[in-house]
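Enquirer: If you want the building blocks of each chain, they are given just below.
2 protein chains.
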Amino acid sequence: MLTAAARPIASAHPITTDDIGIATLHHTPSRLTIRWSDGRESPYPAIWLADNRPDRRDRPDGQRLFDAIDLPEGIVLRAAALAADGSVETHLAGFDTPARFTAAWLRAHALDPASRAGRRRKPVLWDAGLAAAPPSGDYAAVLADDGARAAWLRQVHDHGFALLRGVPTEPGMVCRVVEIFGHVRETNYGRLFDVVAVEKAQNLAFTALSLGNHTDNPYRDPVPQMQLLHCLEAASEGGESVVVDGFAAADRLRREAPDAFDLLTRRAVPFRYVEAGKVDLRAKAPLIELDADGDVKAVRYNNRSIAPFDLDPDEVEAFYDAYRRFGRLLHDPALTVGFRLAPGDLFIVENRRVLHGRRGFSAGRRWLQGCYTDTDGLTSTLFSLEASR
Amino acid sequence: MLTAAARPIASAHPITTDDIGIATLHHTPSRLTIRWSDGRESPYPAIWLADNRPDRRDRPDGQRLFDAIDLPEGIVLRAAALAADGSVETHLAGFDTPARFTAAWLRAHALDPASRAGRRRKPVLWDAGLAAAPPSGDYAAVLADDGARAAWLRQVHDHGFALLRGVPTEPGMVCRVVEIFGHVRETNYGRLFDVVAVEKAQNLAFTALSLGNHTDNPYRDPVPQMQLLHCLEAASEGGESVVVDGFAAADRLRREAPDAFDLLTRRAVPFRYVEAGKVDLRAKAPLIELDADGDVKAVRYNNRSIAPFDLDPDEVEAFYDAYRRFGRLLHDPALTVGFRLAPGDLFIVENRRVLHGRRGFSAGRRWLQGCYTDTDGLTSTLFSLEASR
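Just so you know, the protein sequences line up as chains A and B, in that order. No gaps in the numbering here: position 261 of the first sequence is 261 in our numbering, and each next residue is one more. No gaps in the numbering here: position 100 of the second sequence is 100 in our numbering, and each next residue is one more.
Bound conformation, chain A alone (with noise of 0.2 angstroms):
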C-alpha cells in the first residue's frame, strides 16, 4: 500500500539479478516496495526488513545470535534508495546503521505471490506411463562422479520414486547406497531387514504373499521417510514389484471427489503394529496429510496395520467411501508401474509419497535387503551439489 509519503525514485542503471533488475522502488514508513524490471512489484513490510538486516545475520551458516523478540517497538523505514553497488540502503528507525539488501537477496526472498509461488515444492506427478523409462541410475557412475550422483538425487527427489542399477549384489549394500547421500534409520527392524519367506513370519512382509500397494511404517511416528529395497536373489516366478504415485493419486482424487479428498485430510487414521511383549508401536495421522499451503505432504495407506477408525459414527460411512475410492486409485493400473528386479537393481522410494507393493511368489528364493533413510539427508546433499556445480 503507498501513502502520499511514498516517493518513487526512479532507477537509470537497472541492477541485474539473473537478469532481472529493479526497475523502481518506493517507499512508505511501514514498507519498501521495488518494480522489478520484468513487472513483478515486491512489497517489504518494515518489520521484516528490520529482522532480516544482514547485521543481524553474521555467521558464516546465516545463523543469528539475534532473535526478533529482541526487535525494538515502532519500526519505521525512514528512507531507502539505490545504492551505487546496486544494492538498496534502508534506513530504519531504532537502528544506528543503515541496512543494505542485495537486489538478488531482496528478489529470492520477495513476498509478492508469484515469488512466493515459485519457492513451494512442485514434485512431478507419474502414472503408468512412467513405465516406459523409469527414473533410473547407475551406482558406479553415482559413487564416482557428482554429477551423476547430483542428477539420481534429483529424480528421486521430483518423482519420489528411482532404480539404481548395478549395485553389488552383496548383503549390507543397501546401506552402503544410503551412506551415498544420508543416514541410515535404524528401527526395531534393524540397520536393515531382509525380505524372504520365512516359516511363522511375525510380519506378513515375510511371506510369500502378495502384498498391496502400501506405504511402510504408517504406525510410527515420524514414518521412515524413504525406503530402499535391493535385491540379492529373484524369484523365478513372480514375486514383480510395484510402485504408485500417491500424490498423483490424491490429485486424482481432490479433482474427481473434493468432498472425500477433504475428508481424509481432516480427520486421522490410527495405525498400529504390535510384537507382544517387545514391540507396540502406536501413530495417528491423516491418509492425506496437507501442508500450511494445502499442497499434499504425505500419504499413509497400508491395510495391514491400519487400527479401527477412530471417527465420530455419523462420519463413519461418509470416510468409509472416501478411503475406498482413494484405495482403488492407489490400486488403478492407470497409476501403477510394476517391475521386476533383478539381482543388483535397487530401487528407493520417498515412503511419504509413493506406495510399493509386490504380487505373490511361488517359485525359487526372492532374496532383497531393506533399508531406511530419511529426506533431510537426501536433499541436503542434492541441494550442496546443485549449488557447486
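Only true hints are included.
To give an idea of the interface, some chain A residues facing chain B are shown, with a C-beta separation under 8 angstroms as derived from the structure:
hint	residue
1	I47
2	N52
3	R119
4	H183
5	D221
6	Q225
7	A268
8	K278
9	D280
10	P308
11	V316
12	Y323
13	R328
14	D376
Hint data in this document are derived by calculation from the structure and do not stem from the laboratory. Cβ atoms here follow ideal geometry from the backbone N, Cα and C, with glycine treated the same way.
On the provided structure of chain A, position chain B as indicated by the hints.
Expert: Positioned in the frame of chain A, the structure of chain B alone reads:
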C-alpha cells in the same frame, strides 16, 4: 440413531470390562448400539463392524490380509445379540459366518464422544514449579529394573522432559542410554556430538555464548524427536541449562491470544542451516503444529536458524506480533526451569515439545555429549513394558 426396527435386549448378566459391563444392546440395519452399565451409550456402524471382524485380523500382530476396499457394497446388520460367553454376536449381510466381538474390545474401541476423548493424549503441562521436583531417574535402576525403566519412560512421555542421574562419565554413554529404549538417529552431526566451546565454531552451539530457549534442528524434516545431553565436565562458572514446556506456553497463548495462536498454527515458517558445499538443510513448518483433533502436536522455535518469513505481506505485522508474543512466553521465568548439570547427569527432552537453552559460561571447561532419537522407540518400549506388568 434408533429407528422403529430397534430391538432393545435386556441383559440379565452384565459383562464385566474393568467393572463396566453391557447393560443393553439394540441394532438397526445400519448400526449396533450398546448401553454400558456406567450409562455410556456407544454406537457401532455396520460397515465399521464388518471391517473389524476378528476373522479379518488373523495374525498374532493383528495385521490383516484384507483391505476395506474389498468389503462388499451395502453392508447391513441383520442381527446382534449377547452371546453366552459375554461377547456380542453379529450377523452381517454379505458374510457367511457371524462375527463375535468381545465386550472389552468393543469398549476399548467405542466411538461415542467420551470414549474417543479418553483415547486422546493428555500431556502433563508444567511451569517453573516443576523445578521443585523435576522428573528424574537413576541410571543403574533404569538399566536393571523393568519397573524403574517404565517409570522413567512414563515421566519422559508425560512431561517431555526428565533427568537421569548417575550415568557413568565416559564418552559415548549418551548413545547407550538411548539403546535402553530405542535407536540413535544419526545425522550430519554424527551419531553423537560434543558440545564444547571451540574456535571458529560452525554452529553457535559450539561456543561459550548463551543460547536462547530453542528446539533443535527445525531445519530438518523430520526434526529429531528427542534430544539427550549428558554432562561429562561442568563449567566452574555459568553454563546452567534451562528448559520450558512449549505445550504449556502454546496453551497459554491459545487462552490469552487465540488469534495469535491461530495464525502461528496456520502459517509455515522456513528454517535453514548451511555449511557451504556440504550441508544445506531446509524445512518449512508452522511454529505451532496441530493434529487433526486440534491438539498441539509440535512446537518449533529457533532464532538461529529461522529464515526470512515467507508470508503474505499484509499478514507480516500480525505474524511478528504473534511470534514475539509466543517467544516472550517461551522465555517467561514463570514457565522456565533452570538447573545445573553435574558430571554424570543427563537430561532428555521431547524436541517437538520442550525447548532447552543455556546460560553463557566463562570459567572452566564444559563438556556435554548429545545425541538424537525418535519417540517411536520410547513409546513402543513404554507401552510394551506397561502391558507386561
